[in-house]
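Place chain L on chain S using the hints.
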Amino acid sequence: MSEDSNYEVFIKTDFGKYKGKWVAICEESIVSVGENAKETYKDAEKKCPNKKILIAKVPEEQTMIY
Amino acid sequence: MAISFKYKKIKRGDGIERKLPYIPVYIKGEASWIQVMALLDSGADVSVISLDLAELLNLDLSGKEEFSKGIGGKVRVKNSKMLIEVKNVHESYSFEIPVQVILDKTDSPPIIGRDGFFDKFIIELDHSGERIRLKRITVHNITS
Numbered sequence: 001m002s003e004d005s006n007y008e009v010f011i012k013t014d015f016g017k018y019k020g021k022w023v024a025i026c027e028e029s030i031v032s033v034g035e036n037a038k039e040t041y042k043d044a045e046k047k048c049p050n051k052k053i054l055i056a057k058v059p060e061e062q063t064m065i066y
Numbered sequence: 001m002a003i004s005f006k007y008k009k010i011k012r013g014d015g016i017e018r019k020l021p022y023i024p025v026y027i028k029g030e031a032s033w034i035q036v037m038a039l040l041d042s043g044a045d046v047s048v049i050s051l052d053l054a055e056l057l058n059l060d061l062s063g064k065e066e067f068s069k070g071i072g073g074k075v076r077v078k079n080s081k082m083l084i085e086v087k088n089v090h091e092s093y094s095f096e097i098p099v100q101v102i103l104d105k106t107d108s109p110p111i112i113g114r115d116g117f118f119d120k121f122i123i124e125l126d127h128s129g130e131r132i133r134l135k136r137i138t139v140h141n142i143t144s
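If you read the protein sequences in the order shown, they are chains S and L. Note that the first sequence ends on residue 66 in this note's numbering; no numbers are left out. Note that the second sequence ends on residue 144 in this note's numbering; no numbers are left out.
Keep in mind the hints are simulated off the structure, nothing from the lab.
Derived lysine-lysine pairs resembling BS3-like cross-links, with alpha carbons at most 30 Å apart: (1) S/K12 with L/K19; (2) L/K78 with S/K21; (3) S/K12 with S/K47; (4) L/K87 with S/K47; (5) L/K78 with L/K105; (6) S/K17 with L/K74.
So that you can see chain S by itself, here it is in the shape it has in the complex (with noise of 0.2 Å):
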């Protein structure tokens, strides 16, 4: 498994039903879904012990940058 292969999950994986949801990403697979940044990245801890782990907000389809 290569360092960036949680990168590679996100960069192909369609998120469409995940809009608005932050997405924490493990050993290449999506551990947790949720509202709230923090509650999903602690979440994936509990399930992805000591791995490496990315998240990820996926944008609303109207998301309006600032």
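Then chain L, alone, in the frame of chain S:
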């Protein structure tokens, strides 16, 4: 050498697939390093993150509350700082950058703005080639 990332393709509400310059960064506040996907935004003066991410990073939020205006409207923010690291298997660069934490509810992803970041790299947004390249500025490639 340059650090290269791919554009992320996301379908918008109009049904059109857009290519967005997301990059993976490691961010550290008072807690440990967290890997986050952030949107590179040359139109933003300063980096911006949501309050829940700031709480995960345990950023210092002791500063006074202010308002920040953008094309999305006016939001309440607090100014803070965070350590950021950009790396691949060959190169790694870390430095402190200013960040505004949005206190109001927001759907915005983490944004890397210009202050403290864009002066560290020559940044190439190769939209047609779907690549983002960051070349660290050194004394040799700074031109007057």
